[in-house]
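Colleague: Residues per chain, in single letters:
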Amino acid sequence: MSDPRQRDDSEDEDDFNPAPEVGSDVEDQADGNDDDDDQDDSPRRENKRQSPARSPAGDDHDGEDDEGEGEGEDVNGNAHDEDDDEEEEDEEEDEDEEIQGHRRKRRRDQRNAFIDIEAEVDDEEEGEDDDEDAEEAEGFIDREEVGEADLVGREDDTRHRELDRRRDAEETFDAEKQAEIYQKRYGARRPARGMGDSGVVPQRLLLPSVDDPSIWGVRCKEGKEREVVFSIMKRVDERMGTKDELGITAAFERGGPNSVMKGLIYVEAQRQNDVLSALDGMLNVYPRTKLLLVDIKEMPDLLRVQKTPTLEPGSWVRLKRPPKHAGDLAQVLDITQSGLEARVRFIPRLDYGMRDDPLAAMTPDGKRKRPLVGPRPPQKLFSEVEARKKNPRAISGNPTSNTWIYNGDEFENGFQVKDIKIQLLTVKDVNPSLEEVTKFASGGEDGVENIDLKSLAASLKDSSASVTYLPGDVIEVYDGEQRGVVGRATNVQGDIVTLDVTEGDLAGQTIEVPTKGLRKRFRPGDHVKVIGGSRYRDEVGMVVKISEDRVTLLTDQSTTEITVFSKDLREASDIGGQGSLGQYEMLDLIQLDPTTVACIVKIDRESMVVLDQNGDTRQVMPSQIANKLPRRKLAVAADRNGSEIRLDDVVKEYGGMGRQGKIVHIHRTWVFCHTNTTNENAGIFVSKVSNVSTISAKGGRSQHSSGPDLTKMNPALSMGPKGGAGMAPPPKPIIGRDRLVGQTVTIRKGGYKGLLGRVKETSDTHARVELHTKSKVVNVLKGDLIVKDAITGRELKNYDSRRPPGMGAPGRPGEGRTVPDWNGGSRTPMASSMSNRTPAWKTPSGAGNGGRTPAWSKGGGDFGGRTPAWAGADGSRTVNPYDGSRTAYGGSGSRTPAWNSGSKTPAPDSFSHGSKTPAYGGSGASDPWSSGSKTPYGAAAPTPGASGGGDTWGYTPGASGSSGAYDAPTPGALLGAPTPGAMNAPTPGAYNAPTPGAMNAPTPGAGWQGGWGAADAPTPAGGAPTPAASGSFAYAVNAPTPGAWSAETPAASGPRYEDD
Amino acid sequence: MFFVYTLERRVTLHPSFFGKNMHELVTRKLLDDVEGTCTGSYYIITIMDSFLISEGKILPGSGLAEFTVEYKAVIWRPFKGETIDAVVASANQHGFFAEAGPLRIFVSGHLIPSEVKWDPNATPPEWTDGDDTHIKAGTHVRTKIIGTRADIGELWAIGSIKEDYLG
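In the order they appear, the protein sequences are chains A and B.
Everything in the first sequence is counted per full-length UniProt numbering, starting at 1 for the first residue and increasing by one.
Everything in the second sequence is counted per full-length UniProt numbering, starting at 1 for the first residue and increasing by one.
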C-alpha cells in the first residue's frame, strides 16, 4: 500500500477483482486483476479457508507468467544455482498449487536478504502499514531479488526455501486461493513490468461471474466508512493465521460527502456469514441490519472511478460558504495534506464593525454576525488602518509581511485567507470574469502573472460545457477506445459527434464519439480564431505551436503570441477578427480627458490598452473613455522642416529612436504613427509634430482627392508644347523653341557680315550662327540676321522668330506681296487657276498647308524630305506667319513641282484620290475650311499616306499651323486621325459644327487668325480680301469657298464638287 | 512559386483619353493598376505583353469607357510548405520577421531550433546559438512557409526554420 499506485487503488476503492470498466486504462485493468491485493490484502492472505475459485484461465496465465519470470531470471543469472533454485521453485509452485506461502516466502526472501530470518515472526505484529507495503514492496523487490540474493549469498536463500516449504506445508490453502494469490500478485506486476499482454485478456472476461465472491453492502455510520474499513483491515491482520481468520476477500467504501453510497461499506465474501463474522462487534457498522447484496451486473459500476476534481494551487474556485461570500471568487493557495481542505484567498467583505459589533455583542458566539438580511458589505481588500480605527483590539498581526488576524480571520496582503473544505468550493464551471480576476491581480504584487493563462486555464478547463463542436471542425479523439482517431465532424447532436475519419486505418469511415474524449485539432499554420473561454476571445491568428491541447498562435492584430486551449479555437476564414470593443476599434483615437488623447493599441475582451500622447500605455475600460475622436482626413500639420504632413504620409522621427512610420492620426501637435518594424503597442508610436520629418508624402494626394488626374488626361495635349501653343492665346507662343534655330541666315552687320550660316541656338537677343564658310560658331545679334530660304536662298523678310501669330497676320500679306515667289503668290495664282478649274482644288491649294499635306504625302522624295522639317518647325512652333511663310517657301521650293504636277494633273489626281475616298467629298466640303480642308484633304487625298497625313493632322504638329491649331481642340485630331474619311463622312456639316466652335471658342480670334493666316498667307487672295477680324478672317480664308463654315459648307462643297 | 497566369481585368478609361491610341492607354493603365499588386493569394509581379482588349463600353452615368482586358502575367504565390529565402527585417524575443520580396514572414521562437536562443544583450539583439548562427536584421535565412494569410493588399506568412537545411 505504500506504492502510489496502490494507494490510488485504495482511494478509488476498486479492489474488486473483475471490475475493470470499459474505457479504463491499463492501470485499471491491472488493479482489477490484482483483485484483493489492496488494503485488505493481509486479511486475504491470512484467510486460508475460503479462497474463491479463480477462473482457470487466469490461473494458467499466472502460471505462465511465473514461468516466464523464472526464465527471465535464468537468462539473467545464467547457471547460478540459485537461479535454478528459483526456477525450480517456480515450477514447483506452478505444479503444486498447494504451496501457499509463496508470497510470504518471497517477502521473507527479500527481507532475508537484508534482515535476519526471524523477522518472519513479526508477521503477526505487523501493523497496517507493514501489511500495506508488504505486497508492493515485495513485488518491487522481487524483481531485483536475483541480484540481491546473489550478493547476499546462496546459503541464505536455501535456508529461506526450506523455511518457505515448511510454511507452505503448514499453511494449507486451497487451490483456488492459491490461484487467486497468484493472480493477484502477478496480475499486478504484469502491467508494471510492461509485458503489454494485458490487453490480450478481453475485459469482458474480467467481469464478475457467479463464481466470484459476492459483494454485500453493509450499513454503517455516515462519515465513518473509511474508519470501518480500516478496522476491518486491522481485524484481518490480527486474525491472520489464526483459526478464525476472516472469510472476506475485500472490503471497501464509496463514501464521500457527495456520494450516493455514503453510509455503506461493501464487503466481498463468498458467504454472507463471512461478512457477519468479519464485522461482528465492530464499531459504527451495523451488520445486523439488512445486508444489501450487490447484483453482479452492478458490481463494475460500484467501482467506477469518478475523477475527483483536482485542485491546483492558483486555480480559481467559487465559495459556497460562508454565505457572506457565497459565489465569490477565490484562488486556491494550497491544498492541505489530507486533500480535504484547501487554503484559499478571497477578497473579504468587511465592514469593520459597522454592523458586526452590535450584533457580536448580542450574540457572543458570533454566529449571527452576518445577518442574511440586508446587503452584504462590498468586496474590498482588507485595510489595516480601517480595522484599527474601528476595532483596534480585534486586530493583531505582522505589518512587515502584511499578515493580519482580525476578528479571528486571517488576512494576507489584503486578502482573506482561509482553509475551506473542498466540498464547500465550487470547482467546476467557475468561469471567472476578467473583472474579478483583475481585482485579485491588483492586490497581489505578482498579480499580473497570477491572472495569466495558467491559472485561468486550470479553472476553465473543467467547464467542458462550453466546448462546442461544429460540423467541419477537425477533431481528434484523445481518450477512450477510439483514441488517436482524427476526423472531420459531420454532425453534432448533443454530446455525440459524428466523425468522418480522415486519417489512419479507419479513414473513410464514419464513427460516432461522445464529446468527452474529443479535442479539436489544428496544425501549425492554420488560421484560427479564439471563440470562447479565454480572455483572448475573438483574437484571430495563425497557429505556430501545438502541445497537447494547448495551442500557441500569433495574432494577426498585434503579432503577439498567445496560448489558448484548442477547445477555444475554431478555424477561421475571416481575416481581421477582433479589433473592436463596442464603438472603439483598434487604432482609434480617443479622448481620455480634456488634455489627453490616446490611440488604442490593443483590445481585450473588456478593456483596452491605449497609448497616450505622452507615449505611455495604460489599460482603460471603455467607460473611462470620454469620447472617440473621429479620424480627420484633412488634418494637416507641418513637420520640423515645415513641410506639410498629412495622414498616411511616412515620417521619420528626428532624433530619438529614429522610428519611421505612417501617420495614422494627427492631433494638435502630436502624430500617432504606425510602423511595421516593431510589435510594441501594435507598432504605434507617438511623436511631436515638430519632431518628425516627412519621408514621403502619399503620392499625388491632389489627384486622389479630386477625381481623375487631369495632368495625365489627354496624351495628345501633353505630347508637345504645340498643342497648347497652337490653341493658346498670344502670349503663349513665346514659349517654345525659337523658330530661328536651324534657319539659314546671312549676317547683316559686323565682322561676319554677309556670311551665310545656320542658326544653332538663340537667346532673347542673340543667335549663335554656325557659319557655312568657316566651321565656326559666332554670336550675332538677332537683329543683324537676315533669314534666308535654305534652298532658294531668298530672303525672308520680317522673319520674327517669336512673334505671336496674331501679329503675323498683318505681316504676311506684305510678305506675300513682296515676295511673289513665296507663292503664296505663285501658288495662289495657281490655286486660283485651280480654283477656277476646280474650286475644290483651289481650296486645298489656297489652304496652303492643307494643300501641301496631300501634296507631300503624294509628292514622294522631295516632299518627304521636307516634311519632317516642316513638321518639326511647324509643330514646335505653332501657327504663325512663319508657318505660313515657311509653308510658302517649302511650298515654293518643293511644292512648286508638286504643284505643278498637282496643278497639271495631280489636281485631278489628288482629286481622284479624294474622289475615290468618299472623304473627298468631305474634303471638298472641307475647302471652306481652307486649312481645314487641308486636313481632310491631306488625310483623304494621300490616303495611302494617310498615316502621315493623318498623324500630322492628328497628333504631330507637323501638319501645319492650322492643323496644329486644329489639333488643339482634339476632336479634330480624333476624327481626322483615324479616318479622314470618317471625318468627312459625318458630312461637313457635322464636322464644321463642332470644330469651328471648338476652335473659336478656345482660341481668341487672334490665335485663330494666325492659324488661318498661315493657311491664308499663301493665298494672298485669301489674305488680301479679308484682312478682317479674327473669326471672320478665318472664314475669309475660306472665302474661296464662300460663306461661313458650318451651314454653308456642305452646300458649298456640293456644288463645287459638281463643278468638278 | 512563380506562375504565368492568364488574368482578366476591367479597365476604365476617362473620356479624355479616347482617341487613336486608346489601346495603348488601356494597357498602360493596366500596368499601372495591376503590376506589383497583391490579389489575396498571390502577387502580380509583371504583366507579359499579350493582351486581348475588348471593345470599350461607355458606362452610363460617368462617361468612362470600360474595357475588359485579358493579359498574361507572371505571378508569385507563396505556398504552405514552400521553402524560400528571405532577409530578416527585424528580430524580437518572440521571433523574427523576414521579407521575401513583398512577402513578410514571421518566424516564431517556437519554430526556431531550440539551440538558437534569443540574446537580448547582443547589439543589436539577435537570435543566436552562440556559435556561427546569428539571426538579426539583414541576415539571410531560408525558411519554410507553414501558413499564409491574406491582408488587404499584402500577404503574410508564418515560417519555420526548425528543420534540416533551414536556417
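For the record, the hints were derived by calculation from the structure and aren't laboratory data.
There may be inaccurate statements among the hints.
[As the list claims (entries may be wrong)] For the chain B half of the interface with chain A, some residues (derived, Cβ under 10 angstroms), not all of them:
| hint | residue |
| --- | --- |
| 1 | H94 |
| 2 | P113 |
| 3 | R142 |
| 4 | I145 |
| 5 | W156 |
| 6 | S160 |
Since the model is a prediction, treat every value here as computed from it, not as a measurement.
Using N, Cα and C, we set each Cβ at its ideal position, and we do this for glycine too.
Colleague: It remains to establish, for every hint, whether it holds in the given structure.
Modeller: Okay, the hints, checked on the actual structure:
1. H94: Because about 5 angstroms separates H94 of chain B from the closest Cβ in chain A, which is inside the 10 angstroms limit, the hint holds.
2. P113: violated, 14 angstroms
3. R142: This interface hint is violated because 17 angstroms lies over the 10 angstroms limit.
4. I145: holds, 8 angstroms
5. W156: W156 of chain B check passes; min Cβ-Cβ to chain A is 8 angstroms, inside 10 angstroms.
6. S160: holds, 7 angstroms
Checked against the numbered hints above, the structure violates hints 2 and 3; every other hint is satisfied.
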